[in-house]
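Colleague: Protein chains in written order, with our numbering: chain Z, 1 to 92; chain B, 1 to 246.
Hints may be right or wrong, so weigh each one.
Stated by the list, open to error - Just so you have them, the derived chain B footprint on chain Z, three or more residues with Cβ under 8 Å: (1) 3-10; (2) 26-40; (3) 50-62; (4) 68-74.
Said to hold, decoys possible - Quick partial rundown of chain B residues pointing at chain Z, CB under 8 Å, derived from the structure: (5) LEU4; (6) ARG6; (7) VAL11; (8) LEU37; (9) LEU40; (10) MET127; (11) LYS128; (12) THR157; (13) ARG172; (14) VAL220; (15) GLY232.
Calculated directly from the structure, the hints in this document are not laboratory data. From the three backbone atoms N, C-alpha and C, an ideal C-beta is built for every residue, glycine too.
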Amino acid sequence: MIVRIATEGQYRIDSAFLDRLNAIDNQLVATIGQGDHERFHNQLHELVAMVREHGTVVPPDELVESDLIVPPPDTTLAEAAELFADQGLIPG
Amino acid sequence: MGVLSRMTTLVKVKVNKLLGAAEDPRETLDYSYERQLQMLQDVKRGVVEVATSKRRLELQKAKLQENADRLGEQAKQAVAAGRDDLARTALERKGLLVQQMGDLDTQTQTLDQEQAKLEQAETRLRMKIEAFRTRKEVVKAQYSAAEAQVRIGEAVTGLSEEMADVGMALDRATDKTEAMQARAGAIDEMIAQGALDDFTSGGKDSIDRELGQIQIKESVDTELAALKAQVGAPTEPKPLTEGQPS
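Put together the whole structure using the sequences plus the hints.
Modeller: This is the structure we're talking about:
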C-alpha cells in the first residue's frame, strides 16, 4: 500500500504493517485524549519512523494516490486534537 | 483508525477541491498544468522567504555576539583593575546575551529544516509535474475525452495529492517563519529603543565609566610621580620608562 508522510512524501509499504500502524494510531488517540504532549510526540515519531524504516520511497516521477496519510512529523498535540474537533471530517 | 483516517480524509478533501468539476478532462489537464506551475512558483517564493528570515536571525546573532565580546573584554579589564564587582556585572550581562544567542541558534535550526523540507518538496513537485506533462501530451494525442479521463485519472489524483501536500508544507513553513519574524522584530525593536544598548552600552555608562576612572587614577599617579622626580623631591627609585615625562 502507499502511505504518505504529510509534508515529506510517499512510501510504498507492505500491507502487513497496517496492523502495527493501527496499534500506534489507537495509542495516539488515547494520548490526545489525555493531553500528554511528550507521549504524543514519541508515538507520532514511532509511527513516522516505522513508515520510513520499512517503506521504500515512491519515485518522484510516479503519480499515485495514497491509501493512508500520516500527519506531518512536526504536528503538535493541539493540531492533532483539531482533527477531532471538526466532526465533519469523520469518514463514513 | 483515528488520527490516520482523519488526516487522510482531510487531505482527500483538499485534493477534491483542487480537482474541481471536470468537463472535458483534456482541457482540465491544461488548466491544472498552469496551476501546477503556479504552485511551483509559490514553493520557490516560500524557500526565499525562509532563507531571508534566517539571514535576519543570523545578523541579529552577530550583533549580540559583538556586544557579548565587548562585555567580555570589559570584564577582563575590570579584573585587571582589581574590580571583581564590575567584572561580575559585565559577565552577568554577557550571560543574558549568550542565552539569547542560544535561542536564536535554535530558531535558525528550525528555519534550516523548513528550508530543506521546502527545497525537497519543490524538487519532488517539479519532477511529478514533468512526468504528468509527458503523460498528458501522450493521452491528449491518442485518446478521446472519455478515454483520457480513465487513462490519466490516477495520475491527476496523484499529482493533486502532491500539490495539496506541498501546499500544507508551505503553509506550515510560512506559519513558522512568521512566528520567528515576530520574535526577531521584537529583538530589533529592543535594539532600536536602546533596551539592549542599555544592556551593553548602558554597561558603557557604568562599567566603562568606572574602568575609565581607574585608568585616569593610574595615569595621575604616574604623572604625579614624574613631577615629583622633576622637582627633585626624591621618592622611591623608579624604572626609566615610568619616569619619563611626556
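Colleague: Starting from the hint list further up, note which numbers the structure goes against and sort them upward.
Modeller: 8, 9, 14 and 15
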